[in-house]
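Here is what each chain is made of, one letter per residue.
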Amino acid sequence: MPISSISVTSPPDSLSDQIVTALEIRDVNHTYRKPALRGVSFLVGPGEFVLLLGLNGAGKTTLFSLIAGLLELQQGAIRVLGHELPHGRSAALAGCGFVFQQSALDLDLTVAQSLRYHGALHGLSRGRVGERIEQELERFGLVSRMNDLVRTLSGGQRRRVEIARALLHRPRLLLLDEATVGLDMPSRRAILQRVRTQCLEDGSAALWATHLQDEVEPGDRTIVLHEGRILDDRRDIAAASLPDYFARLAASETVA
Amino acid sequence: MTARSLRCFAGIVEREFQRFLRQRSRFFASLVRPLVWLVIFGTGLRSMVGLSDIPPYGTAVAYEDYIVPGLVGLILLFNGMQIALSMVFDREMGSMKVLLVSPWPRWYLLTCRLMAGVIVALPQVYAFLACAWLWGVRPPVYGYFSVLPALILAGLMLGAVGLLLSSLVEQLENFAGVMNFVIFPVFFASTALYPLQRLGETSAVLAEVARLNPFSHAVELVRFALYGRLEAGALVITALTTIAAMALAVWRYDSGRILRRHLAAS
Numbered sequence: 039m040p041i042s043s044i045s046v047t048s049p050p051d052s053l054s055d056q057i058v059t060a061l062e063i064r065d066v067n068h069t070y071r072k073p074a075l076r077g078v079s080f081l082v083g084p085g086e087f088v089l090l091l092g093l094n095g096a097g098k099t100t101l102f103s104l105i106a107g108l109l110e111l112q113q114g115a116i117r118v119l120g121h122e123l124p125h126g127r128s129a130a131l132a133g134c135g136f137v138f139q140q141s142a143l144d145l146d147l148t149v150a151q152s153l154r155y156h157g158a159l160h161g162l163s164r165g166r167v168g169e170r171i172e173q174e175l176e177r178f179g180l181v182s183r184m185n186d187l188v189r190t191l192s193g194g195q196r197r198r199v200e201i202a203r204a205l206l207h208r209p210r211l212l213l214l215d216e217a218t219v220g221l222d223m224p225s226r227r228a229i230l231q232r233v234r235t236q237c238l239e240d241g242s243a244a245l246w247a248t249h250l251q252d253e254v255e256p257g258d259r260t261i262v263l264h265e266g267r268i269l270d271d272r273r274d275i276a277a278a279s280l281p282d283y284f285a286r287l288a289a290s291e292t293v294a
Numbered sequence: 050m051t052a053r054s055l056r057c058f059a060g061i062v063e064r065e066f067q068r069f070l071r072q073r074s075r076f077f078a079s080l081v082r083p084l085v086w087l088v089i090f091g092t093g094l095r096s097m098v099g100l101s102d103i104p105p106y107g108t109a110v111a112y113e114d115y116i117v118p119g120l121v122g123l124i125l126l127f128n129g130m131q132i133a134l135s136m137v138f139d140r141e142m143g144s145m146k147v148l149l150v151s152p153w154p155r156w157y158l159l160t161c162r163l164m165a166g167v168i169v170a171l172p173q174v175y176a177f178l179a180c181a182w183l184w185g186v187r188p189p190v191y192g193y194f195s196v197l198p199a200l201i202l203a204g205l206m207l208g209a210v211g212l213l214l215s216s217l218v219e220q221l222e223n224f225a226g227v228m229n230f231v232i233f234p235v236f237f238a239s240t241a242l243y244p245l246q247r248l249g250e251t252s253a254v255l256a257e258v259a260r261l262n263p264f265s266h267a268v269e270l271v272r273f274a275l276y277g278r279l280e281a282g283a284l285v286i287t288a289l290t291t292i293a294a295m296a297l298a299v300w301r302y303d304s305g306r307i308l309r310r311h312l313a314a315s
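Chains A and B, in that order, are what the protein sequence lines are. Heads up: take any position in the first sequence, counting from 1, add 38, and you land on this note's numbering. Heads up: take any position in the second sequence, counting from 1, add 49, and you land on this note's numbering.
Fair warning: there could be bad hints in the mix.
With a straight-line cut-off of 25 angstroms between C-alpha atoms, the simulated SDA-like cross-links for lysine to any residue are [to be verified]:
| hint | chain 1 | residue 1 | chain 2 | residue 2 |
| --- | --- | --- | --- | --- |
| 1 | A | K72 | A | G120 |
| 2 | B | K146 | A | R189 |
| 3 | B | K146 | A | F178 |
| 4 | A | K72 | A | L180 |
| 5 | B | K146 | A | H125 |
| 6 | B | K146 | B | E250 |
| 7 | B | K146 | A | Q140 |
| 8 | A | K72 | A | R232 |
| 9 | B | K146 | A | G257 |
| 10 | B | K146 | A | L269 |
| 11 | B | K146 | A | N185 |
| 12 | B | K146 | A | T190 |
| 13 | A | K72 | A | N94 |
| 14 | B | K146 | A | L221 |
| 15 | B | K146 | B | R260 |
| 16 | B | K146 | A | G126 |
| 17 | B | K146 | A | E172 |
| 18 | B | K146 | A | D252 |
| 19 | B | K146 | A | V188 |
| 20 | A | K72 | A | G126 |
| 21 | B | K146 | A | L93 |
| 22 | B | K146 | B | E63 |
| 23 | B | K146 | A | L180 |
| 24 | A | K72 | A | R208 |
| 25 | A | K72 | A | H264 |
| 26 | B | K146 | B | L221 |
| 27 | B | K146 | B | S96 |
| 28 | B | K146 | A | R232 |
| 29 | B | K146 | B | Y157 |
| 30 | A | K72 | A | Q113 |
| 31 | B | K146 | A | G220 |
| 32 | B | K146 | A | E110 |
Simulated from the structure, these hints should not be mistaken for lab results. The model shown is predicted, which means the values in this text are computed figures rather than measured ones.
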């Protein structure tokens, strides 16, 4: 991103109300030493919940990093909430909430301090942040842990804090990269359900990346990504239609 | 600057202070290190090293008085490395992503992060100056005020170098080596412990290295400011080094080079 292209004096939350797509990915290619993404294209509509299903190494995290502007776009186009990357990066990020595969919490801060830090980064006033912290922690059943250090929380609680944090500035697009990784089944279900409800209640769109086929529910729109390519993109994807590697993965998880 | 951008800055500063307060040992380490130099090294060398007619003192000066600005520089140098370490740590732990996906340009976020690091360093410097006062090193009272802009600029320069280093160091494990490689040569090959004239009497090469070392200029800026004087050459070199290091650091963070390596490795 050219340094001179964005001014800190321009409010970064000027989102258009006329957004046709929450996320538009067009013919995106990305290469490290070998190709990580090859001709990836899809759209996510406003308020839509979409699963991005792919094994480890499929290119999900690379795609998320490109959407987040953490990586330079090499080829193709990405439009987030009507803002073309990389020039519209700041305005796009103002409307996005991220949950990363790797935990991104500061263990030496309390839950409230972590959330306040995020609110400040998004320019929210102290009063408003305080209100929203209570609301979000209430939703996630973590109010009683508000003043505890993050390092004292369980893995599931930390994940819930990260999702609460992603929702704090009321994003229009949620991007969750393996948000339930390492959690037990009840915690996974609860978090997934919370995000689905969020989409219904607030009308925010969500792209949920996972390698776990059992997170797909009937009626979900599912994009299957494998070795950097989109293999399938439709609703009501049946287990039988998934390629062999997913069947093998499901079988190995059942055995485990 | 808008209210939103100021809130972002305030949030980054607040986080730095919260982390600093949880790491009390860091505060004591930052004090003990220069105090050991002042009390032991300074006392030991006082009788051997006679300093006279050195600007800005203008008269014979005790060795402890001479090294105090250098030891202030040492605090700021360690603080700059602390900024670098904290950036590498945040990158490894993933929390840097929270900063980088906030809706501001990278140069603004990195500048806020740098300034937060400098603001955290100032109480450490003044605590050391208070201890030095108790030890008998007593610059004029106005010097404690006039030195503040010099402390900020020197802190920004060393912090910017730290930010640049953080963009070059790939893993946390490598950082200890890098710190030793940077801190000790930079500190010893400078005017922190001995004046340039004295260095020139024994080694012209070392004197030239010290003269070219930007840390020497940061120390001289602080030294003169502590006595209410401005050393213009030091000011210019410190400012230019700050701008150059910051521009390079922003360029490296802005181009996504650092995270690309992490993702490619995974």
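Violated hints, by number in ascending order, as checked against the structure: Numbers 1, 4, 6, 8, 9, 10, 15, 18, 20, 24 and 27 - these are the hints that the structure violates, sorted from lowest upward.
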